[in-house]
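Colleague: Each chain, written out:
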Amino acid sequence: MDVNVKINGKDYAVKQGMTVLEAARVANIDIPTLCYLKDINEIGACRLCLVEVSEGGKPFKMVTACVYPVSEGMQILTNTPKINAARKTNLQLVLSNHEKKCLTCVRSTTCELQRLCNEYKVDEDYFKGDQPKFAIDASSPAIIRDNNKCILCRRCVAACKTMQGIGVIGANDRGFDTHIGCQFEKDLGDVACVNCGQCIVACPVGALYERDDTDKVRAAITDPTKKVYICTAPSVRAQIGECFGYAPGTDCEPQMVEALKMLGFDGVFDMNLTADLTIIEEANELISRIQNGGTLPMMTSCSPGWIKYCEHYFPEFTENLSTCKSPQQMFGALMKTYFAQKEGIDPKDIFFVSAIPCTAKKFEVGRPDQSASGYPDVDVAVTTREVGRMIQQAGIDFRALKGTEFDKPFDFGSGAGAIFGATGGVMEAALRYAAEIILGKPLEKPLETPEIRRQNGSDDGYRTATYKVGDLDVKVAVASGTKNAKQLLEDVKSGKLDVQFIEIMCCPGGCVNGGGQPYQPASVRNTVDLRALRASVLYNDDINCDIRESQKNAAVWKLYEEFFGTPNSHKAHEVLHTSYIKRGL
Amino acid sequence: MKTISELYAAKEVENSKTYPVLVTVGIATCGLAAGAGPVIDKLKELASGNADVCVKQVGCIGICQHEPICEVYVNGERFTYVKMNAEKAARVYEQHILGGRPVEEFMLTEKGEPVQNLMGTTFMKLQKRVAMRNCGIIDPESIDEYIGRDGYRALAKVLTEMTPDGVIQQVLDSGLRGRGGGGFPTGLKWRFACSNRGQVKKYVCCNADEGDPGAFMDRSVLEGDPHSVIEAMAIAAYAIGSDEGYIYVRAEYPTAIKRLTIAIEQAHRYGLLGENIFGTGFNFDVKLRFGAGAFVCGEETALMTSIEGNRGEPRPRPPFPAVKGLFARPTILNNVETYANIAQIILQGADWYQSLQCPGCAAGTKVFALTGKITNTGLVEIPMGTTLRTIIEDIGGGVPNGKKFKAAQTGGPSGGCIPASLIDTPIDYDNLAKIGSIIGSGGLIVMDEDTCMVDMARFFLDFTVDESCGKCAPCRIGTHRLLEILDRIIAGNGTLEDLDKLEELATYVKSASLCGLGQTAPNPVISTLVRFRDEYVAHVVDKKCPAGVCKNLLRYRILEDKCKGCTACARKCPVGAISGTVKNPHKIDTSKCIKCGVCMATCKFGAIVKE
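So the sequences go chain by chain: A and B. Each residue of the first sequence is one higher than the one before, starting from 1 at the first, in our numbering. Each residue of the second sequence is one higher than the one before, starting from 1001 at the first, in our numbering.
FYI, nobody ran anything at the bench for these hints, they're computed from the structure. Note that the coordinates shown come from a computational prediction; the quantities given were computed from them, not determined experimentally. Beta carbons: idealized from backbone N, C-alpha and C, even for Gly. Take the hints with a grain of salt, since some may be wrong.
Partial selection, computed: residues in chain B whose CB lies under 8 Å from chain A [to be verified]:
| no. | residue |
| --- | --- |
| 1 | P1318 |
| 2 | F1320 |
| 3 | P1474 |
| 4 | K1510 |
| 5 | S1511 |
| 6 | A1547 |
Here chain B stands alone, though its shape is the one from the complex (with noise of 0.2 Å):
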């Protein structure tokens, strides 16, 4: 493809082909786990030889807990199926693509009524589609579709109509700002970066090691939309005057590899990488380079003396990577989503993207994974701005099983946690900072009633201890300390004096540390002890877990009253903790019992309960 015209050739191409039954699969990596390859090859088996009916792979749509989800286009109307196998598929095929009627049981329902389509739900009829666009719409592994959905036309857009401080101009006046933790503005990290254009080797990078527990947005994008990460790279170079990137790719993500791979080549096939795009002289190569699994080197500089070939550490800053980064070049790093948004921003302007959000609310869209106590779970990308409340009651479906909300931990381990009272909190990055927490890459997870606080502080940090890179003191040492003293707590051995060390330490910890990882690990610690101190201080004063969660802290008893001595617990009690006569109240030695719980799962009266 040498030219700009061959570019909207392919897409009228592209766009002239339709069918008159489109079957699309999602086969993104929670398509495929949740068994999405059975079900694409029993339709792919059934159409063979029907010239009508077109079966394609897609990407994530985002409903990740109904995976396999197949959709069926016909006439105009577009119909999901979830939960789908094999058996179902042909079902589908038989009933619905052959015969005309739609099974409406293998549908989504939503307040007990089927839904014909996931558009039709609150679940996506509240979201906005930006990084996400072509996420379970196109097949990742065809540049012609990226293509058809106006793929590389903004990169042919800046390489033919804008300068390159145009381009910057127009990502800064977008307002986009780092989607994977930082929140600093794009346009202004490419600003920094852009002197000495075509005078100093420059690189431009992208993180895709994501790393947070509970995100994926980012595979998601990758294994959906691989192309749209290249293209916006292809752009940002062109901005900075650079003309080599590197995606840092996690190695646990085979299927993104895959997908970036293929894109890669195929990009180079049609002239899109390479020297010389579209005749316009601009040189652009990618690589990939494979992450082995520290989540340290999601930070940046740490990422970039991965690539370089040691070990993933991250240095001080300054100098910053605008100044001194990959080989000690002047380097730009962004993530996949902030890429994502990129080509879209350059051909529907600053002014679209701007009117995204809510408003007073930081520009654009953000995708979060929504995990946890909530209804559905899955990716959705919302308004920048929306409330917690309409994250959780109207996208999420609330919480299951009738139990409260306590709170939700944005940011994954390095964020910090809102409580229930903070529901209406508009989402955006200056609004959580406020109440001490961050949007981080974007995972949100929603805890219920039955969650103990110090308990959620303590799983996020087991995570940054255990993925603590060791360079510098505080974090190394000081995490663990932390986390020691937290396990003291749990373990009801907590004093208040340990309150006032777990604070301090926090604090030091976050002040002191060299790197994100270390700076925001006491998040947790810190917002759950604003937020939750009485639910430390039961900990430690009256040894009590209020949520009945910390099994040191715990007592199983026998209401006397409720019990008919039936013996069954006393038989079922693995270390023999309860005695007591048939027909007669039993008793529980809690010098003996390991609060495993089975007695009270075995008792038919009601009679035994942890408090």
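Pulled out of the complex, with its shape left as it was, chain A reads as follows (with noise of 0.2 Å):
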């Protein structure tokens, strides 16, 4: 039903139940906000969206925009006098109580409070008074958190808590002494967080930041005792162009190659073969636990932040996991070991970049059992805005570049290694490789599984399906974001849900929207569907793609003939798979 309003006297038809917010949208009017985030944090706390409102021939009054409903008849003013010199007022506040480093701030440019700012014109030392002083906490593998810079939005909270349903991060203290920490005041890298990072990306401002390792890539690229490779995870390609200004959902691979090559690696790859590699490993190892009567269901891997989570958590499936090497972790150790004995390069004098969506992965590096040649699988792993940071310092003209192709040997990944970035990619990739082994024939097309793919506009519950293969029933499950799997876990505990094979991301939609992510303003991610339009990319590369399940990537199985032998064999345990701690909380 709708309902008519008038903004700023034009008249507008609006669903019911919107807020002024959004109903300003309809209008093409963008309502300046900093602590809300649709559907996850609705709190009113920064009252920056002030506007006017007049229900029921009723005087004027300020409202906030972001959480007031429209009721038939109302009118709005969004752009009035005093909402302007309040919202300036307001942005004097904030920023009187905020570390104005920007010159130097990770966030410069990208920041929505000096947008705001420069927008208003505010005089930032208007309300000069005392600031406190706050510790960096740089305790954590992946997130550093500058309180000094904190303007309390609590977006941060929101994903922690509310998105992903953990909860780590909340309020401390009370008035002008809050401040956004963990309890007991303890450091954020002791306490259980899983490192998803996609606090970062809901930060306005530099308050939070992944812990930039960018420096230490520029070191070894300089340094002439090492050889530096790096390989791209399938979901950094889908998003580095938006660190150039490209809309969301551009496909900037070739450039993207370009432009790592121009910066000086000694080759440059692509994680999308390890993806394959994991199917293979992956695939087979759940054949055998369904054969030889494994633990099951049995849970991908992948992703760093989601084991993590279930180690802290849930420990009491870590035997569920699969010991697969996340592809990431593959690579690396294929690197230092099958590459390295190919090469003739002594491993230690490989440093193995890898360049990914995700925070977890700056945690993952520095695991137990990640090192097969005796060095760490993973040296370094830079999240797509620290590529895009160092691909700008470099002064490469991104945009300019015509773009060209990954080094070989490992240049191929199929489209379902591709599809890795998105939830429920790595279910679909495995099943198309499982369907050919239980039915003992290739299909003869590839299969698709809709049924377990994101429904655009969704990321709430988790997603089931049955497929049948010959004779078989395989009962799948699928899961993105914690809160989702904690969900599923439990209705698994409980007996509620009974499938043979889950994969669970850590991040809500999978990794295109990892916390290593470029930075998109809440404007964008409030009417946006991110998650849809960066999986885009990686479904028409799987559409557009030869060759479309990993089983017939001959470079997989190449490796398997020159250095693993087959699939789950004693050499690629040893390489390829790894083991779990039960953490606990």
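With the hints as a guide, dock the two chains, each given alone in a separate frame, to form the complex.
Modeller: Pasting the structure below:
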């Protein structure tokens, strides 16, 4: 049902139940917000979205547009001198308690506060007064918190608690002393944080950011004793363009590869290859578990945030996790064993970098049992944002690049590998292979499983499906986001859900929405289905790929032929598999 | 207790109990703090074995400054003894209870004459007690005494004679408005939550998180008459169709918690809480939740968030609690004093309640906590519309030490100040709103001519700054910046530009904050700026504090013609700021002076002045 409202004097019919903020968007008016994130942080805390409304002929009053519902006949004014003065005062107050190191801030130019302060021409010293000084919390291997820049919008808290269902951060103290922190003022590195980084992408300012490892990469590149290689995860190519002004959903694989080569890497490889390798190992592991009475349901292990979540919150399920390393770690292990051997390089001289959409991967590289060669499989994991910064800093005109191809021998992954970056993708890829094994012959055309793909617009709950392959019913479940994972695991625990194979990705929507992906302001996050747009790049890659099944990637079988022997062989276990820790809380 | 006749029978039994001598001792927190414990112990010890004498505990009668208070009822007469201790109690027992000779020297005095009992004082005569009708009269730990005073009769009446809508209508007709601060019509609040009775889970909550500094009427009701709140909550539950209630009481009220706990247990035992009350099929239960000392948890949405187990922070409204409150269910929340009126409104009718106030004013009575520069401090329940003059000069006994009345702050830290020129304002919601203040929860702080209004505004703001939850930016940062500006002014570093900024920011914080705390926090600043702007200007332009309070703006000076050169001040000065030789006028080095005032207190000749 529609209600009729007047926005700045013009009539509009908007949906009942909409907020004033949403109604204004119908009228193409973007009301500024700092705290609002649709569905997860509708708390009316920053008070920036003040507008004047009049209902039922009553006098105009100031309300917060983000949480105030429209009503029939409502008159809304979004741009009055009173409103603008109030917003300006608000920004001046926020700025009076914000460390204004904008010149060197990681969020300079992508900062939502900075943009608004410019728009409203604020005087940054208008309300000069004391500012509490906070120590920077750099205890986590992935996420750094600088409360001196925090504006207490609580978007990070909502991302952690409401969206991810974790809640390791919250508001401590009160009044002017309020700050975001962990329970009992513990450091982030000492709590059950899974390093998903959703707090970082939720932050409108520079109060949260990933540990920047780009200097380590640059140092390695300039070290003559090192051979430096990089491989890029499926989702990086789908989003790196956003760092250079491309619209979300623009595939920039060739430019990305060229830019990385220009940075001086000795080889630029495609992680889609080890995604395929993961499928071969994981599917065989699943079949072996089914045939030999192993622990079921088996759960995927590609997402290091999910792994840590399982270890902390559901340690009883660590036996269910596939022992396969993640594609990133498999790649590193491959580089320092197979590749080193093949190329005659001492693994200690290989510096291997992975480019990933993920902050949890920074934690993963330091996990135990991830050093197949005796040296860490991966030396440094850099996020899409860090890759973007390196390219920018090197003065490379990304948008002008023609693009080039990945280096051999790891230059190719199948369409199945590409879709790893979207929730349901690993499952779909695995089923394409598993079906072939079970049936004992190739399928006529690659299996597609729309049932377990994300339904656009929604990330609530989990998805299940049963696929009849030959005589066998293959029962699967897919969840993305730890809140949904929790529900799924509880249903497995209670017996409500009976499946053989489960895919879980830590971030809602999968890696395309990872915590290491380019910043998008709330105004975009609230109005655009970013996850769908970004995932579309991967699904297009899949469709346009000649080879859409992992088992058809010849490069993978070459690895078995030359090095591992057979899937799940002893050698494969040594190099490509790992173990887990029951961490608890 | 399964039927109403059982309730009436219990009342008969209770009222048939008589004693030749009844001695009561006030053991609310105010009494206990003043030493009522040893008094009641002594009396009980002396009266043990004496079947003619009954010693019992009661709540607070209201005149807290005279605690411990002990009253003796004998031969149809009532005697009030104040400022008691165990020794005095022994003497009252010997001389009065056994000997029949009242002890006049322990009685209250008015105009130099002893007053036999409290009811004869102006302090009490002008009061009308509805919410506090049982306080200081009944033993709060005895449900029988409550029943003896018509307790639970209102609940019985609504359950058997009235429809839920009829109850709401009666509360609406009574004109009762919320006594906790907002002043929202109680009946209307109930009506908003009354749809879909029996189909959706609803909650009835009681706000007992009394947080205004200087306000303690809710504590007094909880400590003196806890059943009145429980009964009213049950009535409210019946009216809106709820079966579960929460009392959110601050943990700093241990005595109130203890008595509520006892009262709930007793009500359960009597079948007045629980299932199928009076056999009518109506179920209702009450749980206690303790507030951990956050002022903001007196705000309704913050209170509910806290009950839910989260950090006590307000939520935006709408949705209002009547639609989506506790655990996202329709909820009504009233404060203790509001509830304390309900049973009487049911029993005596809306018209009766509407007859209590002064003509043309909001309905009923209101309890005020009278403190500050006033002779009689304590709790007073007066008809709405009583003038400030009556409260201060008659009930309060005026400003002590011959000082002049300067202003009164109503509504606690969220209220505003009323200058002496408006002393004839009849106190009710609308009249106070018109002059820039609020009734709030009923705090009333009296200030005399020695009060600096800038300092006073700073004092209240300091409280709200400390109590801001930190959720919304205007309150979290804005009030803090306001305080910084006031600090500058008080320190003598303020500018005229600061005054403008103060006004601008105060107005902004008021209009933009998320909840009532922030929306009212600037009130003391705004109202003093309006009423006493000259004092602000004196601080800023002349660098002087007219009331002589703000230390940084004070100068101590020795009047040469009065100084005898006795050297006493120079010897006492802790920082050696005074110089001079014997029998010659001394001098104060203002650059060294820390303005402690020791010299002025030391001088026997009145030769030192502060200016």
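Colleague: Regarding the hint that B:P1318 lies at the interface with chain A, is the smallest CB-CB distance below 8 Å?
Modeller: 6 Å, holds
Colleague: With a cut-off of 8 Å on the beta carbons, see whether B:K1510 makes it to chain A.
Modeller: 10 Å, violated
Colleague: Tell me if the interface restraint on B:P1474 is satisfied: Cβ within less than 8 Å of some Cβ in chain A.
Modeller: 5 Å, holds
Colleague: Please check whether B:A1547 passes as an interface residue: C-beta within 8 Å of a C-beta belonging to chain A.
Modeller: 26 Å, violated
Colleague: Given B:F1320 as an interface hint, is its Cβ closer than 8 Å to any Cβ of chain A?
Modeller: 11 Å, violated
Colleague: Should the hint that B:S1511 touches chain A count as held when the rule is a Cβ pair under 8 Å?
Modeller: Because about 6 Å separates B:S1511 from the closest Cβ in chain A, which is inside the 8 Å limit, the hint holds.
In summary, the structure is inconsistent with hints 2, 4, 6 from the numbered list given earlier, while agreeing with the others.
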